[in-house]
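Colleague: Heads up: the sequence lines are chains A and B, in that order.
Letter by letter, the first sequence follows residues 1 to 192 of this note's numbering.
Letter by letter, the second sequence follows residues 1 to 431 of this note's numbering.
Check before you lean on any hint, since a few could be wrong.
[Said to hold, decoys possible] Per the computed footprint, the stretches of chain A lying under chain B, defined by three or more beta-carbons under 8 Å from a beta-carbon of chain B, are:
#	stretch
1	54-64
2	77-86
[As the list claims (entries may be wrong)] Sample of chain B residues lacking proximity to chain A, with all beta carbon distances greater than 10 Å (derived):
#	residue
3	Leu25
4	Leu213
5	Thr245
6	Phe265
7	Thr305
8	Asp307
9	Leu330
10	Phe377
11	Ile399
[As the list claims (entries may be wrong)] Listed next, with one range per pair, are the computed distances between beta-carbon atoms:
#	chain 1	residue 1	chain 2	residue 2	range
12	B	Gly253	A	Ser35	54 to 64 Å
13	A	Ser35	B	Ala208	27 to 37 Å
14	A	Ser55	B	Val62	30 to 40 Å
15	A	Gly40	B	Asn268	46 to 56 Å
16	A	Ser35	B	Ala322	33 to 43 Å
Calculated directly from the structure, the hints in this document are not laboratory data.
Note that beta-carbon positions come from the ideal geometry of N, C-alpha and C, so glycine has one too.
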Amino acid sequence: MATTTGTPEANVTAGEASGEDGVRRRDFIEIAAVSAAGVGGLVMVFPLISQMAPSADVLAESTTELDIGALETGQAVKAVFRKQPVFVRRLTQIEINQANAVPVDSLRDSQTLAERTQEGHEDVLVVMGVCTHLGCVPLGAAEGENKGEFNGYFCPCHGSHYDTAARIRKGPAPTNLEVPEYTITDTTLVIG
Amino acid sequence: MSFPWAKEYEPKYGLTKFFDEKLPLPRLVYNAVGAGYPVPRNLSYFWNFGVLAGFCLMLQIVTGIVLAMHYAADSGIAFGSVEHIMRDVNWGWLMRYAHANGASFFFMVIYIHIFRGFFYASYKPPREMIWLLGVVIFLLMMATAFMGYVLPWGQMSFWGAKVITGLFGAIPIVGEPLQIWLLGGYAPDNAALNRFFSLHYLLPFVIAGAVILHIWALHIPGSSNPTGVEIKQESDTLPFHPYYTAKDGFGLGVFLLLFFIFLFFMPNMLGHPDNYIPANPLSTPALIVPEWYFYPFYAILRAFTFDFILPAKLWGVLAMFASILVWFFLPWLDRGPVRSGHYRPLFRKFFWFGLIPCMAALFYLGGAHAEEPYIMFSQLATAYYFLHFLVILPIVSSIERPDPMPYSITEAVLGSDKKAVLGENAEPVAV
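Make the full structure from the sequences, and use the hints.
Modeller: What follows is the structure, given as structure tokens:
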């Protein structure tokens, strides 16, 4: 009774008699009602947030197929994967040697060329054409473009230089150009 | 609160009496921007910019609603629909140029408004809440302007959206999912364009709401003034109407002249030509820059080129947000008892020869290529910017000896105040 206000008589006359534990019926109803409404409101937040995530048709574009049979050594093509450019390059032996000549420990984002390509297709380098700094498209995939100081890719926005294995060597980008998940069967490259 | 000598609204006609009883809206207006609001009699033209900012908000909302009647937020036709507005829609060119240049002028006005606040320390008690709401309005304006710039879906729109949402990707762990969630995809596309349009339409009304709170909070202590001396008596004030409605009207005329020079004679001067190229996700423009009004913050973002515990990119993002968030703490960073820069000799020097050149440099550097020597200058200016607010201002405001101040606004204006504590012939005393 200590938790209720007023005299016991006043409470009784007001129809507000509390139980032996001092909890009024009204307190219980209030807490239950607010809780139910609150939980219901919170549940509604989930769809409101989730609706902003990529929709089914955007997710459905998450694989890209490419025939690389005609890709000559030293040549590169740009493909589109998830609305972003992908660079597919068949490396020359010189480019492979250049990439393997670098001590891996000296790199900002230590990876060997072998780790960035697939077994049996070490000469096929597939990377996202998205600079890891702020997302510009680096140059170097098309003929005649600036390949930067390390003969790979060069991002003109803020001057990131990538080497022949598309690893970051100089400039503000924090990591190597991303290698997407992909599989190669015969001459068909499937990204995603 | 209002001052006891404020004129009271007295409806004269049947209709105004009817309204005053049922819905006292005319009374509200009378007390807010009419004769019922006593204002310091010594306000300079720097006090025009609040009204000008309000005008700009209205201009943007009106032209924006018109543009939305003709614009299509679809990545396939957005660019074309903007050209349709420019070429086919009756007066469409006027509406779009007024909206685009209106955004620029809105920011010009707001920067002067903010720097007025810096110089006269308008953020000091009892006006902290007005200042905090003002910073919130500025942040909302930045978000609105950014999303609006994406809508024409030109090259700068697209790459601006990519770079700015890419900032969120710098946040550890949650960054990349957050970026994908914000864009509704892996790169800016239809989903991003549509939600930006939706929010670009919504936020101006949120700003309008915040402006009402800003003005509400202003009317509690009343406007500050160039002396920084609070209102003491009726002779310190004038009714807002007709004195300041007239002064603001004149200021608005001057503002419109400048605005029209840009609107009618060089409407693309403040824009970027690359945004007349349709968005191409596979080709990056040689120089990605935001609109001029974001240059200082873009310069701060790009100033961080070295890793130090955290990656450089994250430092840049943190510094950029911090450069505005630090304004929230100004009322407590500035510890001096005197408001106005006119009576603060040391503060004034650091304002004119420190903060202003620093901001001017950041404005220039944000639009420059990210190469030396610009990067080094950006780093120096960024360092000074934070030094000013976090170190110089607290120290200067603690140690400086302010100049003698007038007893009242009346004395500042008329040279003497009969009600001054020490009598009519008293000399001004140092506070």
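Colleague: Now tell me, hint by hint, if it's right for this structure.
Modeller: Verification of the supplied hints:
1. 54-64: Our answer is that it holds, as 3 residues pass the Cβ test (under 8 Å) against chain B, meeting three.
2. 77-86: holds (count 6)
3. Leu25: For B/Leu25, whose nearest Cβ neighbour in chain A is about 33 Å away, the distance exceeds 10 Å, so it holds.
4. Leu213: 25 Å, holds
5. Thr245: 44 Å, holds
6. Phe265: 33 Å, holds
7. Thr305: Nearest chain A Cβ is 5 Å from B/Thr305, so the label is violated.
8. Asp307: 8 Å, violated
9. Leu330: 30 Å, holds
10. Phe377: 16 Å, holds
11. Ile399: The assertion about B/Ile399 holds, with a minimum of 40 Å to chain A.
12. B/Gly253 x A/Ser35: 54 to 64 Å: Given about 59 Å between the Cβ atoms, the range holds.
13. A/Ser35 x B/Ala208: 27 to 37 Å: 35 Å, holds
14. A/Ser55 x B/Val62: 30 to 40 Å: This hint holds: roughly 33 Å between Cβ atoms.
15. A/Gly40 x B/Asn268: 46 to 56 Å: 52 Å, holds
16. A/Ser35 x B/Ala322: 33 to 43 Å: For B/Ala322 against A/Ser35, whose Cβ atoms are near 39 Å apart, the range 33 to 43 Å holds.
Against the hints set out earlier in the document, violations occur for numbers 7 and 8.
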